Amino acid sequence: MGKPKILLQLDPDRQASVFDAVVAIDAGVDQLLVRNAVEVAHVRDLVFGAIFTRGLEDLPRTAIFVGGSNVAQGESIFEEVKRTFFGPMRVSVMLDANGANTTAAAAVLAAARHIPLRNAIVTVLAGTGPVGQRVVRLLAREGAKTRVGSRSKDKAQHVCDTLTSVVPAAMLEAVAASTPEETAAAIDGAHVVIAAGAAGIELLSAEQRIATPTLRVAIDLNAVPPLGIGGMKATDKAQDRDGCVCYGAIGVGRTKMKIHKAALRRLFETNDQVMDAEEIFALGRLLESE
Amino acid sequence: MGKPKILLQLDPDRQASVFDAVVAIDAGVDQLLVRNAVEVAHVRDLVFGAIFTRGLEDLPRTAIFVGGSNVAQGESIFEEVKRTFFGPMRVSVMLDANGANTTAAAAVLAAARHIPLRNAIVTVLAGTGPVGQRVVRLLAREGAKTRVGSRSKDKAQHVCDTLTSVVPAAMLEAVAASTPEETAAAIDGAHVVIAAGAAGIELLSAEQRIATPTLRVAIDLNAVPPLGIGGMKATDKAQDRDGCVCYGAIGVGRTKMKIHKAALRRLFETNDQVMDAEEIFALGRLLESE
Amino acid sequence: MGKPKILLQLDPDRQASVFDAVVAIDAGVDQLLVRNAVEVAHVRDLVFGAIFTRGLEDLPRTAIFVGGSNVAQGESIFEEVKRTFFGPMRVSVMLDANGANTTAAAAVLAAARHIPLRNAIVTVLAGTGPVGQRVVRLLAREGAKTRVGSRSKDKAQHVCDTLTSVVPAAMLEAVAASTPEETAAAIDGAHVVIAAGAAGIELLSAEQRIATPTLRVAIDLNAVPPLGIGGMKATDKAQDRDGCVCYGAIGVGRTKMKIHKAALRRLFETNDQVMDAEEIFALGRLLESE
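If you read the protein sequences in the order shown, they are chains A, B and C.
Count the first sequence with the working numbering and you get residues 590 to 879, in order.
Count the second sequence with the working numbering and you get residues 590 to 879, in order.
Count the third sequence with the working numbering and you get residues 590 to 879, in order.
Because the hints were derived from the structure by calculation, they are not lab data.
Incorrect hints may have been included.
Repeated chains share a single entry, so a pair holds when one copy, or any two copies, can fit it.
Below, a list of computed lysine-lysine pairs in the DSS-like style, where the Cα atoms sit at most 27 Å apart [unchecked claim]: (1) K847 - K592; (2) K592 - K850; (3) K742 - K847; (4) K734 - K850; (5) K742 - K826.
Just so you know, these numbers come straight off a predicted model, no measurement behind them.
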């Protein structure tokens, strides 16, 4: 049997995510240790508590999940967790603040079911937000020609520049998508559009979507009406609409949840897993192939 | 087997109730998620985490318990929890802040063992407090002629008016019970007296109790000396004293605990249980009949 | 089987110790209730929740652990927990804030393996700190001639005076150990030296240790370089160095962990265990003899 599987859930919010806790339990965690209002300054002692308690052979039975609603805070905590590890003194760790990593992975996987991503033209609307940036990152690594849309072209350009410094082969283009005209230009000739915007904001109208004949896949990650892409449903799952395969947020959600649970289970296989966007996407791809 | 039974314990206090946690564990909850310092503003996200995680068929395996020491805060959180549910997206929920619902149910059930409540004259001392108001509510629904005692007759009248607007058939009378003379008048001719006051305050003296020959049942919910009714013991359980059947707080406590656990188990039968005073009392009645 | 074993972990820190939680789980606790930012004013209600919930026969299935990084705060909480118990209404309780009790016990046990402590001359460097004071206390009860070292001889004298009022037979001497000359005098003729100082501070140089031919055992409880005693390793476990048996913090750690888990298990044997330094040391001695 081995020792109980312990997951340490680190959450910067005043009330730690119940969603993350329930998924952890359903992924088979035996004992969940939840810490809320976590600041970077707390991380060292919390991680020491995780790595200095059990013997080396039992370290794979302890893992850390970094969540919460704020992706930037989650990233800071995640980085500090990794910095605290040394040599073999480490446990596996996963970042999924605001579900950004699992959502981005599920969205890109949904697109990849219908079109080879290499050299495909993909427009990411709200590509500078926390989920959008991860979608862009995954697309870039897959070799897609990615247009990063934002109300501010400067912000989009900044995201492109930052990512190019990490993934030099990335094919990125910053595009403004503030007005209907700009949005039309942003998706002109695109094969895939992914809307990664905030809840309740339409980024692309039904008319514009239909008026873009090259579009083969449209994915919207906003579940709260009005949806991010017009004329779709949040429950759409590979739904054909006007010749375009459509996914809504709930339609992507089942894949997201499956990846989330599989990633949590992966944490307990060895003590050195680091599950960020890329690793979570790779795991999702593996699940798709099974 | 099904998925683990998860109870989300929402508590407005700085330190969440250990009592509520232990009872939940003993009622068979597999995983307890405790959230302290809960404010109404936190409720929406916490409830979303409970209803959006598992599939519809597994929603009965998640439930919410609202506790804490402050009944008014508990009621606000309970209302917000119910407001957040929509359509089938809900889990069962129970309110028992400060044990008010289970205590009130146990007290009224104790009285009902010895006298039919319909048309019985029942005086509730401290009937405007959190437990007292619930005792009054349950008595009114059972058809008892209920006298609501308080140091302030105005407060008592307010409780009567509020309750009458919800239970039009309620037979309620506001009575002042500040001085010994007022208290004597308040219980004059009564068949049952229930003292629902704060710890360590005597509301009715032994002499007054004995001097009221119509009294058949006396129930005191204060366990800390001096007790709420004189000449009794906290451990009294259907104890005959001067021709009157007496219950002290500890004597009622076993029934209270039994109801509390049964109500928690009930939460996991379906995903749409709402356990407030009336439902908890109905469950208690069912347990008595078994 | 009996009811689930519940441990209530009371921790004054903003983030409750993960170390303490993992050890509790590995010691077989079924349900861990963690309370952070605990103040003395919170203790009464928390303890009431632990003692008033289960029947008397099940009280041994609930226990309390007082931890956290600050030993003085832990002691205050521990005292308040004990004060709240009355008659048979109690559960077992253990104090191990900052690991001070289990560390002190493990250190003294390590020394006792190699030399009879009765009448042995033992110098405790940093003997006025939280761990040091407990080491002194255990040594005094074992009948060792104990020198309490501190940078301030006044502080050392105060510790001696306080302890003598509790253990009148204690053979204690306050010694200054601020300069190399003072430290040399403090260990002159000693059979055992135990360094209980803060992380990263050398209290005794390798040269001084080697220059003290009477020394048979040297124990250092600081794991962070520079170590508390020069020329040793944190992993030393009964390592012979220059004719002296040496233990480093990690070398003592395995015994400490074993005692910690055994003490937690002991809590669930009856409902009246009080595990402070002496009881934890006695348990450790029992484990050594097995």
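When no copy is named, should K734 and K850 be tagged within, between, both, or neither for a Cα gap of at most 27 Å?
-> The answer is neither: 30 Å in one copy and 57 Å across copies each exceed 27 Å.
Evaluate K742 and K847 at a C-alpha cut-off of 27 Å and name the case that applies: within, between, both or neither.
-> Neither, since 35 Å and 60 Å both go past 27 Å.
Up to 27 Å CA-CA - K826 versus K742, copy category = Answer is neither: 31 Å inside a copy and 63 Å across each miss the 27 Å cutoff.
Checking K592 and K850: alpha-carbon separation at most 27 Å within a copy, between copies, both or neither?
-> For K592 and K850, the Cα distance is within 27 Å both inside one copy (20 Å) and across copies (14 Å).
Within, between, both or neither: K847, K592 at alpha-carbon 27 Å = both (25 Å within a copy, 16 Å between copies)
The structure is inconsistent with the numbered hints 3, 4 and 5, although it conforms to all the rest.
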